[in-house]
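Colleague: For this one, chain B is given, so just place chain E on it according to the hints.
Here the protein sequences line up with chains B and E, keeping their order.
One point on numbering: in our numbering, the residue at position 79 of the first sequence is 79, and numbering is uninterrupted.
Count along the second sequence starting at 1, add 1000, and that's the number in our numbering.
These are computed hints drawn from the structure, not numbers from a lab.
The C-beta atom is built at its ideal place from N, Cα and C for all residues, glycine as well.
Where hints are given, some of them may not hold.
Chain B regions said to be covered by chain E (calculated; three or more residues, Cβ under 8 Å) [stated by the list, open to error]: (1) 62-68; (2) 74-82.
Mimicking EDC-like on lysine to aspartate or glutamate, the simulated pairs with C-alpha atoms at most 16 Å apart in a straight line are [what the hints assert, rightly or not]: (3) E:Lys1003 with E:Asp1082; (4) B:Lys64 with B:Asp88; (5) B:Lys20 with B:Asp88; (6) E:Lys1098 with B:Glu106; (7) B:Lys14 with B:Glu106; (8) E:Lys1017 with E:Asp1082; (9) E:Lys1003 with E:Asp1030; (10) B:Lys41 with E:Asp1038; (11) E:Lys1003 with B:Glu59; (12) E:Lys1098 with B:Glu59; (13) E:Lys1108 with E:Glu1015; (14) E:Lys1068 with E:Asp1030.
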Amino acid sequence: GAVVSQHPSRVICKSGTSVKIECRSLDFQATTMFWYRQFPKQSLMLMATSNEGSKATYEQGVEKDKFLINHASLTLSTLTVTSAHPEDSSFYICSAVLAGGVLQLEQFFGPGTRLTVL
Amino acid sequence: ELKVEQNPLFLSMQEGKNYTIYCNYSTTSDRLYWYRQDPGKSLESLFVLLSNGAVKQEGRLMASLDTKARLSTLHITAAVHDLSATYFCAVSESGTYKYIFGTGTRLKVLA
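With the rest of the complex left out, here is chain B:
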């Protein structure tokens, strides 16, 4: 149980284009999802918190107009990188928290999406 998927797993795009990454909780409902970015040999940095039916909360320094997050249902959140540039190339990982889960408040992580911007 508690499986999270991401699509696509890898994407290569040209500079200036937009890329959408999907994060789905496959066997549970998630009121809250998180988006992280990880550069090579670095830790995970939280980009934003995505709550179903409301606007995402972005961490300091993350451009909300560049990284558009939509959490339209209890099983799907999307991250759109708009006007991507080579410096946006990174490993993007989402996670989801089980709705109604209290005891452990544990995040379940997706497999990640490798974005390369040429």
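Modeller: Relative to the frame of chain B, chain E by itself:
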């Protein structure tokens, strides 16, 4: 502001040896998580530590939590090559679902 530090950042050890990775955090929290990450992969959950004094073991790995000292340890016993990976601790901010990740420890076990 919650900050999480791990040490060492890099660890190269011989097979069969024991070693400990440390995770210190700066403010009160009662939930701490350990993850493993292989190159090019996402996170694999290792341990969830929810209370002071919690100790969990799985195979050659054992994790503990001391909330008073704001310290968690991940102890490796008789390391084998398959344990080579990057290990992260993550601390949950009190009252939220948010995690703050440690810097990570890159472990290389030499045959």
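Colleague: Determine for every hint whether it applies to the structure shown.
Modeller: To see whether the hints hold, each was checked on the structure:
1. 62-68: It is violated: at least three residues are needed, and the stretch 62-68 of chain B offers just 0 whose Cβ sits closer than 8 Å to chain E.
2. 74-82: violated (count 0)
3. E:Lys1003 with E:Asp1082: Violated - the C-alpha atoms of E:Asp1082 and E:Lys1003 are around 30 Å apart, more than 16 Å.
4. B:Lys64 with B:Asp88: 14 Å, holds
5. B:Lys20 with B:Asp88: With a Cα-Cα distance of about 13 Å, the restraint between B:Lys20 and B:Asp88 holds, given a limit of 16 Å.
6. E:Lys1098 with B:Glu106: Holds. E:Lys1098 to B:Glu106 sits at ~10 Å (cutoff 16 Å).
7. B:Lys14 with B:Glu106: Cα-Cα ~36 Å, so violated.
8. E:Lys1017 with E:Asp1082: Satisfied, since the Cα-Cα distance of roughly 14 Å is no more than 16 Å.
9. E:Lys1003 with E:Asp1030: 14 Å, holds
10. B:Lys41 with E:Asp1038: 11 Å, holds
11. E:Lys1003 with B:Glu59: Given that 16 Å is the threshold and the Cα spacing comes to 15 Å, the pair holds.
12. E:Lys1098 with B:Glu59: Given that 16 Å is the threshold and the Cα spacing comes to 11 Å, the pair holds.
13. E:Lys1108 with E:Glu1015: 10 Å, holds
14. E:Lys1068 with E:Asp1030: 10 Å, holds
In summary, the structure is inconsistent with hints 1, 2, 3 and 7 from the numbered list given earlier, while agreeing with the others.
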